Amino acid sequence: MILVAFRNLFQNKIRLVISVGGVALALLLILALDAVFSGVEQQVTAYIDYSGADVFVSQEGVRNMHMASSALSASVASKVKAVSGVASVTPILYVTNVVVADEERNLAYIIGLPPNAAMGGPWRVVAGERIPSDGEAIIDAGVAEKSGIGLGDEVKILGEEFTVAGLSDGTATLINSVAFISKRDFAKLRGDPGTVSYLLVKVEPGGSPERVAARIEAQVSEVTAQTRPAFAAQERRVIKDMSTDVIAIMNLTGFLIGMAVMALTVYTATLSRRAEYGVLKALGARNGHLYRTVLAQALISVALGFGLGLAFTLLLAAIVPQLGTNLSLLISGASLVKVSLVSLVIAAFSAILPIRQIAGLDPAMVFRGK
Amino acid sequence: MESQIPRSKSQLPIPDYQSSNSATLKVDRVTKRYGSGATEVTAVQEVSLTVAAGEIVLIRGPSGSGKTTLLSMLGALLKPTEGTIRLDGTTLSELAENRLPDIRLRQFGFIFQDFNLLSALTALENVALVAALAGAKGKEARKRAAGLMTDLGLKERLNFLPEKLSGGEKQRVAIARALVNDPAIILADEPTANLDSKIGHEIMRLLRRIAKEQNRSVVIVSHDQRIKDIADRVLWLEDGQFKEMVTMATDPVCGMAVEREKAAAQLELDGVTYYFCSRGCRAEFEAERRGQVVGDRLTLQVGRP
Ligand SMILES: Nc1ncnc2c1ncn2[C@@H]1O[C@H](COP(=O)(O)OP(=O)(O)OP(=O)(O)O)[C@@H](O)[C@H]1O
Ligand SMILES: [Mg+2]
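Chains A and B are the protein sequences, given in the same order. Per our numbering, the first sequence starts with residue 50, numbered consecutively. Per our numbering, the second sequence starts with residue 107, numbered consecutively.
Think of the hints as simulated: they come from the structure by calculation, not from any bench. A couple of the hints might just be wrong.
Heads up, simulated DSBU-like pairs for lysine-lysine below, C-alpha to C-alpha not over 35 Å straight-line [what the hints assert, rightly or not]:
#1 B:318 <-> B:249
#2 A:130 <-> A:289
#3 B:261 <-> A:62
#4 A:205 <-> A:237
#5 B:349 <-> A:62
#6 A:62 <-> B:318
#7 A:205 <-> A:289
#8 B:349 <-> B:318
#9 B:261 <-> B:304
#10 A:62 <-> B:249
#11 A:251 <-> A:128
#12 A:62 <-> B:270
#13 B:368 <-> B:334
#14 A:195 <-> A:205
#15 B:249 <-> B:368
Coverage of chain A stretches by chain B, computed from C-beta distances (three or more under 8 Å per stretch; other residues unrestricted) [to be verified]:
#16 52-65
#17 226-239
If you're wondering where the values come from, they're calculated on a predicted model, not measured in any experiment. Every residue, glycine too, gets a C-beta built ideally from N, C-alpha and C.
Turn these sequences into a full structure, and let the hints steer you where they fit.
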């Protein structure tokens with residue numbers, strides 16, 4: 050009967066293309082959106098991932114960077130440095146602001162770096178300085194290119210003019226970029242030289258970041274200390290929380306479109322072969338056989354649609370980065386599992402109506418010529 | 107029996123195995139009513155019939171007389187309102203609905219007027235599918251189907267889709283499909299209606315030989331006058347009941363076949379009854395026999411046997 054399913058499907062090529070194509074596009078909608086957000090989630094932690102810090106210390110209760118503000122008294126740095134297992138501490142200042150380059154405003158994480166910062170600076174510099182001196186800024190190379198500026202040009206950050214002294218790579222995401230200025234400039238502009246935002250902590254070689262983080266929280270009051278992976282996970286959660294609703298709506302849309310296309314094609318395909326199913330019944334096929342045939346048709350079409358949708362998404366993921374955008378698509382295992390389940394549900398649901406049709410067929414009708 | 111049907115070159119070969127499956131079908135006072143109340147239709151009324159193994163029964167009758175209804179009940183496609191249908195020891199009319207598919211699959215072979223092949227499957231697959239439904243493994247099913255179809259002269263057509271086959275070929279595929287699970291009984295509703303008369307005749311002879319050589323019962327419903335000679339028995343169904351069997355006679359004047367009961371005229375002469383298509387023919391016959399010469403007509407008729 051699986052053969053019948055295959056043959057029925059492939060006999061009407063146009064219907065097959067419509068149903069498989071329709072499902073593929075619907076699933077593409079789900080897969081691609083998931084991939085976009087997975088990509089953003091990954092990009093958003095780039096600064097944390099490449100910071101070089103093992104432990105992040107923040108104001109008590111602050112667990113991430115995006116849309117957060119953390120203030121620590123400058124004196125906390127020496128207390129953290131004194132905790133056993135801590136090799137070095139780099140204080141940074143941080144705020145979300147804009148880099149204005151040639152009238153163009155680019156949302157950015159602004160990082161204030163101390164001179165000779167061991168951690169927290171740009172991780173790949175394509176031109177110029179690695180650490181900004183006073184009056185200098187290091188900005189993302191892509192942002193600079195887009196705004197048509199280069200080394201030595203002026204940009205406005207936190208309302209003040211800075212000279213571009215370095216260009217970094219990998220510091221831009223779909224939504225923002227990272228710009229570095231000196232900690233002294235940052236503090237001066239904020240008018241508060243006594244506080245820092247985060248302390249980046251390097252643990253001694255062979256030491257456990259978890260244990261060091263726990264010790265910091267125990268010995269230094271009013272701070273939260275998290276390992277880099279924990280801090281990054283918190284950051285991703287913020288993005289996830291923001292995107293959940295959008296993803297849910299798009300998933301539902303994709304699911305409904307896929308379902309509608311599939312249900313309609315499986316239904317019409319079955320209806321157009323009503324007489325043949327009647328013949329099979331008359332010849333002695335059991336209802337179960339016929340149900341399986343219909344279900345197999347739905348499953349095969351949906352599986353083909355899934356494959357095609359995945360192929361489209363992979364193609365998109367490969368092409369999009371070539372287009373010079375900061376969009377990156379990341380297909381996650383969880384997303385694949387989810388879309389597979391969605392596909393199964395689509396197949397099962399779209400087979401229900403046709404199966405009911407077949408159940409009601411009277412085998413005696415075959416002698417009446419339909 | 108076999109000797110009555112000469113084997114000629116043009117005749118289709120048939121599978122030469124003897125059915126391991128023969129059975130007697132007994133119909134006892136079966137009635138079928140459709141609908142209820144004012145719209146009730148009695149399609150078949152108290153019909154009794156026994157079909158022996160290897161027997162060919164032809165059921166004829168006017169349109170709407172209940173032929174298809176009766177055939178559907180014989181094939182366990184339709185439950186009688188009253189009466190019983192027995193296949194050897196099994197009372198089909200009392201079986202639970204879920205036992206019927208198996209009976210249809212293994213005990214009956216169905217042949218339809220419009221062939222009813224699955225359009226997406228090749229000829230071979232159409233036949234093998236039905237073997238597979240009865241539990242044959244894919245390869246075995248195809249082998250059995252191919253063997254049967256080769257015997258039916260379809261060796262070159264195994265992988266053709268139905269749309270690429272002629273009517274006669276399609277009906278032979280359908281016959282192979284009907285035979286593939288070695289059924290005891292073949293049921294055919296107007297199997298030749300969509301075929302030209304030559305092919306129709308071939309199909310009928312094929313059915314006859316299947317009955318005689320393989321000892322299967324064959325019940326055929328047909329309007330087709332010309333096929334009555336292949337049947338062991340011809341039954342006339344009218345208003346849902348078997349009426350006295352129609353016997354045919356030949357008009358001695360014009361040579362036309364006429365039903366005795368419906369002959370326009372008849373004449374008894376020297377203890378023999380003659381039937382005529384019209385009074386004109388009878389008058390001519392009488393004139394000729396009684397030697398009353400009317401003009402030069404007689405001379406014209408003289409040469410006639
Ligand atoms: N499903 C049904 N519901 C109601 N009435 C039916 C049904 N099937 C058949 N009938 C009626 O039963 C009677 C017998 O029909 P049937 O099809 O058995 O006749 P038939 O002898 O096969 O006719 P034909 O030679 O035209 O095929 C007809 O009056 C028909 O209208
Ligand atoms: Mg009929």
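Hint check results:
1. With a C-alpha separation of about 25 Å, the suggested pair residue 318 of chain B and residue 249 of chain B falls inside the 35 Å cut-off, and the hint holds.
2. Among the hinted pairs, residue 130 of chain A with residue 289 of chain A is consistent with the structure: their alpha-carbon atoms are about 34 Å apart, no more than 35 Å.
3. The suggested pairing of residue 261 of chain B with residue 62 of chain A holds, with an alpha-carbon distance near 29 Å, which does not exceed 35 Å.
4. About 15 Å separates the Cα atoms of residue 205 of chain A and residue 237 of chain A, which keeps this hinted pair within 35 Å; it holds.
5. For the given pair, residue 349 of chain B sits about 53 Å from residue 62 of chain A by alpha-carbon distance, which is inconsistent with the 35 Å threshold.
6. Only pairs whose Cα atoms come within 35 Å are accepted, and residue 62 of chain A paired with residue 318 of chain B is rejected, the gap being roughly 45 Å.
7. This hinted pair checks out: residue 205 of chain A and residue 289 of chain A have alpha carbons roughly 31 Å apart, not beyond 35 Å.
8. Between residue 349 of chain B and residue 318 of chain B the alpha-carbon distance is near 27 Å, which keeps this suggested pair within the 35 Å criterion.
9. At roughly 21 Å between alpha-carbon atoms, residue 261 of chain B and residue 304 of chain B fall within 35 Å of each other, so this suggested pair holds.
10. Of the supplied pair hints, the one linking residue 62 of chain A and residue 249 of chain B holds, its CA atoms being roughly 30 Å apart against a limit of 35 Å.
11. Of the pairs offered as hints, the one joining residue 251 of chain A and residue 128 of chain A holds, with about 14 Å between alpha carbons and a cut-off of 35 Å not exceeded.
12. At most 35 Å may separate the alpha-carbon atoms for a hinted pair to count; residue 62 of chain A and residue 270 of chain B meet this at roughly 19 Å.
13. For the hint pairing residue 368 of chain B with residue 334 of chain B, the CA-to-CA distance comes to about 17 Å; that is within 35 Å, so the pair holds.
14. Only pairs whose Cα atoms come within 35 Å are accepted, and residue 195 of chain A paired with residue 205 of chain A is accepted, the gap being roughly 16 Å.
15. As the CA atoms of residue 249 of chain B and residue 368 of chain B are separated by approximately 51 Å, the hinted pair breaks the 35 Å bound.
16. With 6 residues carrying a beta carbon less than 8 Å from a beta carbon of chain B, the stretch 52-65 of chain A meets the three-residue requirement, and the given coverage holds.
17. Judged by the Cβ-Cβ criterion of 8 Å, the stretch 226-239 of chain A is not covered by chain B as claimed, because only 0 of its residues qualify and three are needed.
Going down the numbered hints, you'll see the structure goes against 5, 6, 15, 17, while the others check out.
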